[in-house]
Amino acid sequence: MKIKDSLIALIVLGICLIWAFVDGSAAEQGIGSALRLMTPLLLACLAGLYSERAGVFDIGLEGKMLMAAFTAASVAYLTDSAWLGLLAGIGGSLALSLVHGLASITFRGNQLIAGVAINFLASGLTVLVGQNAFGLGGRTPALTGAGRFQPINLPFAETLRDVPVIGPIYSGLISGNTILVYVALLMVPVTWWVLFRTRFGLRLRAVGENPASVDTAGVSVTRLRYAAVAICGILCGIAGAYLATGLSAGFVKEMTAGRGFIALAALIFAKWRPWQALFATFLFGLLEAIANLYPNLDLGFITIPSMFMNALPYILTVIILAGFVGRAIPPRAGGEPYVKER
Amino acid sequence: MTVENDMMGGRSATTAPAAIELRGISKAFGPVQANRNINLSVPKGSIHGIIGENGAGKSTLMSILYGFYKPDSGQVLVNGQPITIADSQTAIRAGIGMVFQHFKLVQNFTVLENIILGVEDGALLRPSLSKARGVLKKLAAEYQLNVDPDEVIENLSVGHQQRVEILKALYRQADILILDEPTGVLTPAEADHLFRILEGLRDEGKTIILITHKLREIMDITDNVSVMRRGEMVASVKTSETSPEHLAELMVGRKVLLNVEKTPAAPAAPVLEVRNLTMTDDEGVQRLRGIDLDIRAGEILGIAGVSGNGQTMLLEILGGYPPKGSKLGGEIRMNGQPLPIGGRGCDAAQRRRAGIGHIPEDRQVEGLIMDFAAWENVAFGWQDAPEFTKGMLMDNAAIKADAEAKMERFDVRPRNPNLAARNFSGGNQQKIVVAREIERNPDLLLIGQPTRGVDIGAIEFIHKQIVALRDAGKAILLVSVELDEILALSDRIAVMFDGRIMGERLPENTTTGELGLLMAGVTDTEHTPDDAGIPPGSAHVDTLPQEPV
Amino acid sequence: MDKMPKWADVILTPLISLVLAMAISALVILAIGESPVMAMKTMVEGALGSSYGWGFTLYYATNFIFTGLAVMVAYHASLFNIGGEGQAAMGGLGVALVLLYLPLPHWAIALPVAMIGAAAFGAAWAFIPAYLQAKRGSHIVITTIMFNFIAAAALNYVLVNKLRPVGSMDPASARFPEATHIPALTDLAAGLGMTWGKNTPVNITFLVAIAACALVWLLIWRTKLGYEIRVLGKSEPGAVYAGISPVKITVIAMLISGGLAGLMAINNVMGESERLVLNAVEGAGFIGIAVALMGRNHPFGILLAALLFGFLYQGGGELALWTSIPRELIVVIQALVILFTGALDNMVRMPLERLFLSMRRTKGGAK
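Protein sequences appear in the order of chains A, B and C. If you read the first sequence in the working numbering, its first letter stands for residue 4, the second for the next number, and so on. If you read the second sequence in the working numbering, its first letter stands for residue 1405, the second for the next number, and so on. If you read the third sequence in the working numbering, its first letter stands for residue -5, the second for the next number, and so on.
For reference, chain A alone in the conformation it holds in the complex (with noise of 0.2 Å):
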């Protein structure tokens, strides 16, 4: 890797590093909240990158995300149990990626517009068969025991919490977590493997560059970059269900609150690669943690409210789209519909 690709994870550690250094304590507890806000912002990320890597720009990862955050707490409610919410979840987004990859792919209509339409389809349906279901407002009831998924001590974690620097690390950072922030890690290096290592990855990241190479070498086009969708439902699923189930305690309206977006900003950023996705959702959930902690962050000569914290992600990604700093092509059949020529 070449030092301009690991700047963001240099960035992100140092931010670290300084953050543990001013102050321990509020660093640990800091970076572990990072962590778990990073955690659906990754998912997303990776969902989008496996469908725009295809050639399907997605813009509707908040809407697949938030209607997997409702079908997940809601099953999860009624039958107590996280693990059926978590599919349920993934059912959700999956009905939504359907009528993406219908519009996108079958219909060839334009991909943009169809994620404009899936947010707000979501957006609707979410609170109008929530309200119909539980009746307070388009909440679902709040989530106990078994309804959410529970947050997993690792082995030694007790034994190893006292030794320093590994200590808070291990103990008070990677383990304590839910299945699905593991997950979600886990996913990085899969997507990874996947995408440069097999032949459905070689094909898939085909079909986002030049369809036609693919289609002539007697490869259907439409039935992968239905997969790539499917797999794209899949991960927003995950994503949801643990907003729902692992972050919070239920459904709240709305409560992607933008998500979806700093995932796509964090695909940009990443430059549609598995490895740097990881470090700029740890990015922005970094800065989410310290907005959240620091509504009004004193760094002596200046003041930064949480607002501008909260727009941050937004207007980085602005820059690097920019192209002021290494700048970022998508793939290149990206928002095309395929079209075979004469």
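In case anyone wonders, no lab produced these hints; they're calculated from the structure. Take these hints with a grain of salt, some might be off.
Cross-link-like lysine-lysine pairs, in silico, DSS-like; alpha carbons within 30 Å at most [what the hints assert, rightly or not]:
| id | chain 1 | residue 1 | chain 2 | residue 2 |
| --- | --- | --- | --- | --- |
| 1 | C | Lys0 | B | Lys1804 |
| 2 | C | Lys228 | C | Lys0 |
| 3 | B | Lys1731 | C | Lys242 |
| 4 | C | Lys228 | B | Lys1804 |
| 5 | C | Lys242 | B | Lys1794 |
| 6 | A | Lys343 | C | Lys228 |
| 7 | B | Lys1731 | C | Lys129 |
| 8 | B | Lys1508 | A | Lys343 |
| 9 | C | Lys129 | A | Lys274 |
| 10 | B | Lys1474 | A | Lys343 |
| 11 | B | Lys1794 | C | Lys0 |
| 12 | B | Lys1728 | C | Lys228 |
| 13 | C | Lys0 | A | Lys343 |
| 14 | A | Lys343 | B | Lys1618 |
| 15 | A | Lys274 | C | Lys242 |
| 16 | B | Lys1804 | C | Lys129 |
| 17 | C | Lys129 | B | Lys1728 |
Stretch by stretch, here's where chain A covers chain C in the computed footprint (C-beta under 8 Å, at least three residues) [what the hints assert, rightly or not]:
| id | stretch |
| --- | --- |
| 18 | 128 to 138 |
| 19 | 276 to 288 |
| 20 | 310 to 324 |
| 21 | 333 to 340 |
Because the structure is a prediction, the values reported are computed rather than measured. All C-beta atoms, glycine included, are put in the ideal place defined by N, C-alpha and C.
Got chain A sorted already, so can you dock chains B and C onto it with the hints?
Same frame as chain A, now just chains B and C:
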């Protein structure tokens, strides 16, 4: 060559079935009959040319062979076996490989990755890649198809990218290789290398179908040739038993009178003077290497050359819109006044004000807005013209009236100004562009590929208009890849190769052979006085050596 | 030849899309155990059954006309401006600053000045994405989305830390001076001796919106600038050939688009709330997308589509009031309209085209 004995549809007494046999293939797109009752037989181990004008149905036929389209009726036999080619996968399995005119390569993949795409062995890449590496080495040695397997496609030259396409087909064990207009993007040297490769493949027993509209290629390399015209297969002959003239006649269906009637030119004062024009594109490649040109009032200067040798850039720079990110140098004078080259104040509108009209090379992308009505296209590029505007508003009534008059004078059919440009035929679309630019009465008219994809009738009409403009004392710069067109229209011919003017000739004193050499970059030493003694651009008609050829 | 007559493309396809959207919405209503017929009745009565209902319907429609026109102008330059929400929010800030800090003695003076403020702020917010698209090729859809969020954060900051009057807990500006309050339509009606639309927010901005429709029509189809915008929208190489600067036209089109979105603030900020509140736009920027798509990117179509969405919006409020159907039903309908007219238009159009082709064939055979 033994194959010549059993050609012509396997009707001869040999036993080997034809590699490809088509029986009564028809295919229509809506009301357009692209292929009508096509019969074709391609003997094994031969190079078979298919020739025809643009739109004759060659590409449709090959797309049927490669499973892109299903024929409406008819039968395909591969090696004597009837087969239904439902998709590309079937075609590949049947041993058919295709090299498209526009390559189907993934630009940011390596050569190896492109080669294995779609024919990977198993779900993991590593074994496929190492196997392909071995096979590639063998193929490269066998057919002179050297390419670095680990190079990324976008770093390869066009010629090398084409090799990758051929390697792709061979890796898929194609026995029958179809190449669609393979030399259009190649330099003459690259084309020659390609032909050597094709001959090598034929000698190994592969069957090759070469689709082209260039007679020279057919004569040079094919064993047999079939001619298509308006969706029909009009003849199949042995190449050795035919002549370019005969083939040309078969292609257009009558004797081609490419001699446009015109009186000798009476060149007057220079209108356009180009001095040492250079251009380096955004990737740092020098595309124009010091162009010198003079065009006088009342003459047509034709620029011949294989496409991609800088003609397009020359037209765009003269037209006021150099490619984005390019660096430019040199001088352009119009009627004695210097014109800006790139930078602020240099755009197509500025050129029009300076008296330069422009019929662009690609009417569908540049010359017309295909979704606009014909009348709106009449104002296209001239939207600032005072007679078309009333203050900030457009004078639509005036534009419509002008459009109707132009369509009348240029016999554009159907004569409906409200019809969108895309609903006119190629010839009528081009007539709209020609009418718009010529009737502005420009001092200088830039013309790129005036008759590409235009039917014969319209070609004659457009040629007459161009000559009439010259006779009205205007200067004309004509760029065309069709040598016949250059020869028929030009008063002087400049040949471009690799961003340079290789030399100038008078049409009456040159031959296609000589021009072809210049187009291939061969500066003939016999003609040194012309090329070395005088800078090409300053060679005027009277000083041009008039050696016999 | 075109596959089907123009009128069918302009009228039938959006209508069928609307019918499909309504049908699916009806299914949703059935699924949650309510009656679609009753729902429709409630909506029609609530939105159109009284001058009170009309007052709200027209008020909402006014917002949507501006945001719909904004999407449309950008669309004709083939730019997809999703940033109407942020641009309208910024327009609100422009209105607030003008009205709070300039001494404007009468509404007739305040209105044009506030319009300039609204349009300028909206246009300014569209400028950076436009410039980045034109000069650096940054995808305008992504940058305008980002700018929506940045606008929300910036307004939040300004309202909480700068414009909030001392002692107030509400993240909102002070009320605008009395003299700058523009007349509501009910006042005009009263002036004519009629009682119409009492206590409704619709104001003279509605008339401004109608004028805007006419002006945008003139701009796009009758002016040289409009011609240049449409050329760029159809073919960038074509524009360059014709001597039209893509950078210049991209920026101008987006400035007009952002300005139109910003103008919405005259209606909601100046005309209705008479102070700047948090989240004043309430999604109208996004509804503009549905309105423009439904209205086939024509001002007259946009006027009709805006009225339709005004009706849905007001009717949806009534639904929430009288039935157990929450007003988010409207968001679902909006989503479906966007989906069918914008993304699944081929699904609607292809069978229609086939129908017209076969009709023409049988007609041709009869001759």
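Checked hints:
Distance hint between C:Lys0 and B:Lys1804 is fulfilled; the C-alpha atoms sit about 20 Å from each other, no more than 30 Å. Restraint check for C:Lys228 and C:Lys0: satisfied, since their Cα atoms lie roughly 18 Å apart, inside the 30 Å limit. Restraint check for B:Lys1731 and C:Lys242: the C-alpha separation of about 22 Å stays at or below 30 Å, so the hint holds. A distance of roughly 20 Å separates the Cα atoms of C:Lys228 and B:Lys1804; the hinted pair therefore holds under the 30 Å criterion.
For the proposed pair C:Lys242 and B:Lys1794, the alpha carbon gap of about 22 Å is at most 30 Å, so the pair holds. For a cut-off of 30 Å, the pair hint linking A:Lys343 to C:Lys228 stands: about 21 Å separates their Cα positions. A distance of roughly 18 Å separates the Cα atoms of B:Lys1731 and C:Lys129; the hinted pair therefore holds under the 30 Å criterion. For the hint linking B:Lys1508 to A:Lys343, the alpha-carbon distance of about 12 Å falls within 30 Å, and the restraint holds.
For the proposed pair C:Lys129 and A:Lys274, the alpha carbon gap of about 20 Å is at most 30 Å, so the pair holds. Restraint check: the Cα-Cα separation between B:Lys1474 and A:Lys343 comes to about 13 Å, which is no more than 30 Å; the hinted pair holds. Proximity of B:Lys1794 to C:Lys0 is assessed by CA-CA distance (about 29 Å); at most 30 Å being required, the pair is judged to hold. Of the pairs offered as hints, the one joining B:Lys1728 and C:Lys228 holds, with about 19 Å between alpha carbons and a cut-off of 30 Å not exceeded.
With a C-alpha separation of about 26 Å, the suggested pair C:Lys0 and A:Lys343 falls inside the 30 Å cut-off, and the hint holds. Among the hinted pairs, A:Lys343 with B:Lys1618 is consistent with the structure: their alpha-carbon atoms are about 26 Å apart, no more than 30 Å. Annotation: proposed proximity of A:Lys274 to C:Lys242 holds, straight-line Cα distance about 29 Å (limit 30 Å). Between B:Lys1804 and C:Lys129, the direct Cα distance comes to roughly 35 Å. Violation of the 30 Å bound is thereby established for this hinted pair.
Between C:Lys129 and B:Lys1728 the CA atoms are separated by roughly 11 Å; this keeps the pair inside 30 Å, and the hint holds. With a cut-off of 8 Å between beta carbons, the stretch 128 to 138 of chain C has 7 residues touching chain A; three or more are needed, and the interface restraint holds. With 3 residues bearing a CB less than 8 Å from a CB of chain A, the stretch 276 to 288 of chain C meets the requirement of three and the coverage assertion stands. With 6 residues having a Cβ less than 8 Å from any Cβ of chain A, the stretch 310 to 324 of chain C passes the three-residue criterion, so the hint holds.
For the stretch 333 to 340 of chain C, the stated coverage by chain A is satisfied: 6 residues place a CB nearer than 8 Å to a CB of that chain, which reaches the threshold of 3.
In this structure, only the earlier hint numbered 16 is contradicted, and the remaining ones agree with it.
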